[in-house]
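Trainee: As given, the protein sequences belong to chains L and Y, one line each in that order. Everything in the first sequence is counted per this note's numbering, starting at 145 for the first residue and increasing by one. Everything in the second sequence is counted per this note's numbering, starting at 9 for the first residue and increasing by one.
Honestly, the hints are just simulated from the structure, not real lab data. Treat each hint with caution, since some may be false.
Chain L stretches covered by chain Y per the calculated footprint, using a threshold of three residues with CB under 8 Å from any CB of chain Y [unchecked claim]:
#1 226–237
#2 309–323
#3 327–336
#4 463–477
All residues carry an ideal CB built from backbone N, CA and C; glycine is no exception.
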Amino acid sequence: MTTTAIPVTTRKDWSSDQEVRWCPGCGDYSILAAVQMLMPELGVRRESTVFLSGIGCAARFPYYMNTYGMHSIHGRAPAIATGLATTRPDLDVWVITGDGDSLSIGGNHLIHALRRNVRVNILMFNNQIYGLTKGQYSPTSEVAKVTKSTPFGSLDTPFNPVSLALGAEASFVARTHDMDRAHMQETFRRAHEHNGAAFVEVLQNCNVFNDGAFEKITGKEVRSNMLIPLVHGHPIVFGVEGEERGVAQRADGGLEIVTVGETGPAGLLVHDEKRDDPGLAFALSRLARGPYEPTPIGVFRAVERPEYGAQMSEQIVQAQEKRGLGDVAALLRSGSSWTVE
Amino acid sequence: MASGTHHATEQLDQVIVRFAGDSGDGMQLTGDRFTTSSALMGNDMSTFPDFPAEIRAPAGTLNGVSAFQVHISDHDILTPGDSPNALVAMNPAALKANIDLMAKGTILIVNSDSFEERNLAKAGYAENPLTDGTLGAYTVYEVPMTSITQEVCKEAGVKPRDAERSKNFFALGLVSWLYTRPVDPTLKWINERFSSKPQVAEANTRAFRAGFDFGETAELFESNYEVRPATFEPGEYVQVTGNSALAWGLIAGTRLAGLPLFLGSYPITPASDILHELSRRKEFGIRTFQAEDEIAGIGAALGASFGGSLGVTTTSGPGLDLKSETLGLAINLELPLVVVDVQRGGPSTGLPTKTEQADLLHAMYGRHGEAPLPIIAPQTPSDCFAIAIEAIRIAVKYRTPVIVLSDGYLANGAEPWRLPDLDALETIEPGFASEPNHVDEEGNPSFWPYIRDPQTLARPWAPPGLPGLEHRIGGLEKSDGSGNVSYEGVNHERMVHLRRDKIAGIAADIPLLEVNDETGDAQLLLVSWGSTYAAVAAGVKRIRARGMKAAHAHFRYLNPMPTNTGEVMGRYAQILVPEINLGQLSRILRAEFLVDAKSMSKMQGNPFRVGEIESAITEMLGGKS
Ligand SMILES: Cc1ncc(C[n+]2csc(CCOP(=O)(O)OP(=O)(O)O)c2C)c(N)n1
Ligand code: SF4
Ligand SMILES: [Mg+2]
């Protein structure tokens, strides 16, 4: 690998020559812009950056990045990323996925990549719908959703992606949304800094098949009253000045939303993303029953845990220190051998 | 060892011994030790471990019987033998399950202690076969193995229950005496293997010696036997199973290519031992990854190949089903990848521990779309080493997934292997892309991932890391050359043809099909692939010894086939293709070459017996079998 200084780049350098083919107005555009504009700031090289994806609208993302990339098959990107990231620790590996891709067909790969703590940044564009296949309900769609495949309403209880990731032993879990570039960039930057598997749920509007799914919480007018920014080391508060609300822990351990003016700031929960026990992060992830109640965004959890690929490499180093570099001739004789004259 | 009665020692040119007992009786270990001491003596040998899918089926039942057959000889042999000369039966179920294999006049050595009411009933014997006269046609040796073992272990302070577990070493000792095997290698092995459990080592040693002495002193046996060493080509030999040879071949092959080896795998019988073996060898820089399922196993392997390692995934039939979609992706991405399928009885879970060859058509055609890939198959356990290297060579040179079709019989079977001269093995050139290969519209150098080598039609392999070579690949159809997504019909057809031609072109890069036709005027051609090689080659030998003529051609390359295949097939009036499936290769030969290739099918979980091949040939030649 080259040792020269990292060249100064702009968004243009990170954009490929391929025409972007999402529907006009799709939330994916703003996520792409946020990533392309963030990359020059991360101090990384294009040739050492890889975007991997599965299948779906979201999964077209790698074609638009002027980096190395692979648009693979439905749901399998975390598995492919595991092979790449563990063999090439020098690379920055990003996985772009959708709610169907990562929570339905690829659910198994996602949870295992998270528990293993492979060094990949997984950005999951959650539009609560199957976009590319034209609008069937997804594993994050609300109950009773009427779609082409559920004309009488869907029956399935949805996944809460943040709860799922926390339950899967993820060491980094965050949520952001497509209406706030600065918040997306800050969240992606944090994911990138994390040494291990980083899972980011990006609330994304599919204006064709599920328009306005998050409008009640991400809309410009309602946002400050409906999104709860999590800031490490700070009491959890949100809402416009004078009407601040906050999150407090009840006597039974559960979390509740309180009005700061009534309870005073002393009883508010101070966010600790480094808490070893994921219990409070989990409770925060369940604060809203859906995107119509105040919803926490930001980093829920960011803890240090040994990274999978590094540990794999370490086992090799240890074996080589103990036994020397493998010798094929000796390997073939590792059982009993005999000689015929 | 105690010296006792003088016995005559008879010379035999070969012998087939079958050890059978309960799954918990350690018969695989016993057979394996007998094999090793025979190999060290210089015999040629071939083994057939034959065990049930259950780890421990109810003790004493027919379902729980585990057997190990070994064929040793003073001359070149190919198979573990059709019918044993001696059967060691540790309990009534083992006797019952195997007696049909035994010809009249052969030796039965039974653990008489276990022939009591309960075990007889569990095996389904109404009468004790040792006393009801039904075994009159055999030479039966009744040996109280359990009680003698317990007796000799008592002095070592071992509890009777624990001592009982050493009775397989008694059996090993006795059979070692019967066939004059050296004792030292086994004693040494016991001490090494059980060094952390001195009591167990002591009990096993005592049991082994007691068995050997029993043969020497008990005056039960009139003679013992000797099988002289075979004449081997000079060289250094080891005893090797197919799975070990395959693992070692993967290590050697990646060394030859200078590529790091990454194995993504999910445990499955009978392929798991390759995962185990590679996982032990981290000093070779190997990364082994036990994935969450077979899809992740191949996915991670493909990701590693994308990054410039050699990705390998190992599995058996049910796992190959799961890998199909990723194989299609690998075909489109045109990246090197090695997929090992150790075939077992199917469909579905089928016969997990039994051998079969029924995945050939799956490997050929088991993907949607036109999705060709190279398929090769080892012919003997030791050939798994060379075949693994060949798979890597083809995968790397042609940027393609390669399927290796091994099978349960090759995987677990062992044979002596003359170690190859490692320095003589050809290196494999990864030929990574190092610079832009194109100029864009503005005159700037750029990189097109699908510009092909005109000779091999392989595309450049450009792992991430080099500036100026950034590119995106994926499962969507590629535009010829640039590799950009293209839905254009004419381009798609061109890409389909290019992918086909690339794989078909490998035929020019592999050896011609060899025909073993001693006199050159045989009318009948026997065709084998994979593990049927041994039985077919041995069957043809026997036929020739009887003055008849048959030719033999063996396929190591199933796709593409050697360029002279059609010519060879056309040369013979009759073609017979014995396979452990319903005629998959014969179907391909018929379809591709319009020849009347007849199928000979057997699907009983074990390899063909030489006698079966011999009869089939005889019948086809119009003689009596
Ligand atoms: C094996 C397989 N099954 C089904 C499909 C069809 N398919 C493509 S994308 C998709 C769902 C995508 O939904 P999501 O992951 O939420 O992505 P979005 O399009 O919403 O961004 C499906 C079912 C496929 N490509 N492959
Ligand atoms: S279908 Fe929905 S998610 Fe897909 S591109 Fe169109 S708007 Fe975006
Ligand atoms: Mg979606």
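Trainee: Work down the list of hints and note, for each, if the structure agrees.
Mentor: Structure-based check of all given hints:
| no. | hint | result |
| --- | --- | --- |
| 1 | 226–237 | holds (count 9) |
| 2 | 309–323 | violated (count 0) |
| 3 | 327–336 | violated (count 0) |
| 4 | 463–477 | holds (count 12) |
Hint violations for this structure: numbers 2 and 3, all remaining hints satisfied.
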